[in-house]
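Undergrad: Turn these sequences into a full structure, and let the hints guide you.
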Amino acid sequence: MSNGILFDSVKCIGCGTCCEACKGEHSLGGDANPDDLGADTLTVVKEIDGVMIRKLCRHCLQPACVSVCPVGALLKLPNGPVIYNTARCIGCRYCFVACPYSIPRYEWRSSSPRVRKCDMCAARLSRGEPTACAEVCPRQATLSGDRDELLTAARARIKSSPDPYFPHVFGEFEAGGSSVLFIASRDISQIGMKMARSEKPWPALTDLGMKSVPPVGIFTGTALFGLWWTFKRRKQVKALECRERKPHDK
Amino acid sequence: MTNNSARTRFSAGNIITWSILAAIIVVGIYASFLRFSKGLGATTHLSDAVPWGLWIWFTLSRVALSAGGFILCALFFIFGVEKFHPVLRAAVLTAFVGYALVGVELIYDLGQPLHFWHPLIFWNWRSPMLETSWCIGTYMAVLGLEVSIPFTEGIGWKRLSDLLKKFCVAFALAGAVLSTLHQSSIGTIFLISSEKLSPVWYSSWLPVLFFFSALGGGIAFLILELFLAQKFLNWNFPPELVKSFGRLLLGALAIYLAAFAVDFIRLEKWSLLVRDMNALAWLSAELGLGVILPMVLLSIRDVRESALGLRLSAVLAVAGLFLNRLNVTVVGFLLESKARYFPTWQEVSITLMILAIGVAVFITAAKVLPIFQSRE
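If you're matching them up, the sequences are chains A and B in order. Okay, so the first sequence: first residue is 10 according to the numbering used here, each after it adds one. Okay, so the second sequence: first residue is 1120 according to the numbering used here, each after it adds one.
Mixed in with the good hints, there may be bad ones.
[To be verified] Label-pair restraints from in silico Cβ distances:
# : chain 1 : residue 1 : chain 2 : residue 2 : range
1 : B       : F1235     : A       : G226      : 38 to 48 Å
2 : A       : N42       : B       : A1141     : 29 to 39 Å
3 : B       : S1156     : A       : N42       : 40 to 50 Å
4 : B       : I1144     : A       : P223      : 15 to 25 Å
5 : B       : S1323     : A       : G230      : 17 to 27 Å
6 : A       : G226      : B       : A1373     : 18 to 28 Å
[To be verified] With a straight-line Cα cutoff of 25 Å, these simulated SDA-like cross-link-like pairs (lysine to any residue) come out:
#  : chain 1 : residue 1 : chain 2 : residue 2
7  : B       : K1315     : A       : I92
8  : B       : K1202     : B       : L1220
9  : A       : K220      : B       : N1243
10 : A       : K203      : B       : A1377
11 : A       : K55       : A       : I200
12 : A       : K20       : A       : P139
13 : A       : K32       : B       : A1168
Simulated from the structure, these hints should not be mistaken for laboratory data. Quick caveat: nothing in here was measured; it's all calculated off a predicted structure. Glycine included, every Cβ here is placed at the ideal spot set by N, Cα and C.
TA: Now the structure itself:
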């Protein structure tokens, strides 16, 4: 089963219980009521233009951060979460450059900084428990469970009361789809919620370049070797011709 | 000649140059101490919104500017262009010093500098960054072998240097293949930043454009190093070579401009520029000052064949390469995200220190080792 998270912006009352639970689960200090994601804040709920928005890692089905990390410090688990391994990380921050949603945060104040982002409570999921944020939500605005089932639930909510909902499940297809899904009363990509415009999985962007590395290498090597041989041979032939001609000149 | 070099070594100009280099290096060492004891956040203006700044820009630029080594080795050993023989070793030395400092500089930028060796044992071959690191690492080994030739010759190990000389063609081949791969793969790194890097610079052709711009940048930087050698090392830039380098640089810039133009038309980028005046300004600076202007200069025969004209064109082409990499690594991102970034004094002084070390090592090595063949 591949886990996911569904956030229903219409049901959310912005109480922030999910953010507190997240801080508790991950033993995070810092600002109790932060405005944005940070090294101590893996999720945040904000009201923008009367719409509740929750920011957290989307856990892409085909994550760019995982495909670009040179040392494999980021991993997509088969059961959904994208997790981070501090012991491997070299701190190049290519994942920051790659993430289509600009989610990762860095411990800039530390002299040995880690990348910080939601891990979908991977430890809890492996014990069969829901994510901390979903467990405490008083309004069932955040749900944890099988992504396919959440998708069905999201569509059912939109269908049963089409009036408050914008008819789109955000995260179903964007950037190849993500484990985290959103439904809301408006197009949240228009009000400060970063959504990928393309539905192509992000890793495909660099895959083409990477796939052409072996053929380009082999082609360049062979072509240059051939040219070297040709130029060398031409010089030898020229030298021979010169030598042959000399007696006639005399 | 001994007389001459003794005079150059103690001239006032030289003392001033070395004092400036030493001062830059001392400040840089202090900044390095701060960087490694206090961390990236305390000493740089990098942020979650601007994860890559001055250092990455400068490092990636200098990888491109060090391309002169592989270009000249390929021209001489593979294509048999013999006229470049007098500056072959200088080209290899430039590349070796350049790449060695690229490695040092990257460690400054790593959040976990002690993990710098992890790419050796943890492999994600889907990552363009891993491929680039490996190509650069392997190429550095090749450059090390190439530089060993004048080094072993200099310390009198004739048999070893003669042995190494037998493999020059193989080194040139390996260098050309590895360089083609990593110069282009640095462009591939930025292909993941679709929707984040301004579409004015984003293109699926970035790998090709990075490779072609490195050709011009590498040649131009080598030309500048040769003028530096002329000034400090009692070596004269042969007028014949000035002509050849002028034509070579003109050709490389023309190839890049052609690739850029086809890509620009293919993606109809002019429609983006009409809407974005900032992007237009940055792109015009990069292209006009750094590619078109030196091309115009170099296409005038009298300018191309004069030392001053060549030097001016090379300065412009190097600046253009720096500007292009700045636009792709920093400006193109800032224009989209509206984030702000300006480096701290620590970032600047560490960058200057790396540059100063490069100049100092190049001058010293070129003085001590048999680099400039005309001195022999």
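Undergrad: It remains to establish, for every hint, whether it holds in the given structure.
TA: Against the structure, the hints come out as follows:
no.: 1; hint: B:F1235 - A:G226: 38 to 48 Å; verdict: 25 Å, violated
no.: 2; hint: A:N42 - B:A1141: 29 to 39 Å; verdict: 51 Å, violated
no.: 3; hint: B:S1156 - A:N42: 40 to 50 Å; verdict: 33 Å, violated
no.: 4; hint: B:I1144 - A:P223: 15 to 25 Å; verdict: 42 Å, violated
no.: 5; hint: B:S1323 - A:G230: 17 to 27 Å; verdict: 24 Å, holds
no.: 6; hint: A:G226 - B:A1373: 18 to 28 Å; verdict: 26 Å, holds
no.: 7; hint: B:K1315 - A:I92; verdict: 23 Å, holds
no.: 8; hint: B:K1202 - B:L1220; verdict: 29 Å, violated
no.: 9; hint: A:K220 - B:N1243; verdict: 14 Å, holds
no.: 10; hint: A:K203 - B:A1377; verdict: 36 Å, violated
no.: 11; hint: A:K55 - A:I200; verdict: 11 Å, holds
no.: 12; hint: A:K20 - A:P139; verdict: 19 Å, holds
no.: 13; hint: A:K32 - B:A1168; verdict: 23 Å, holds
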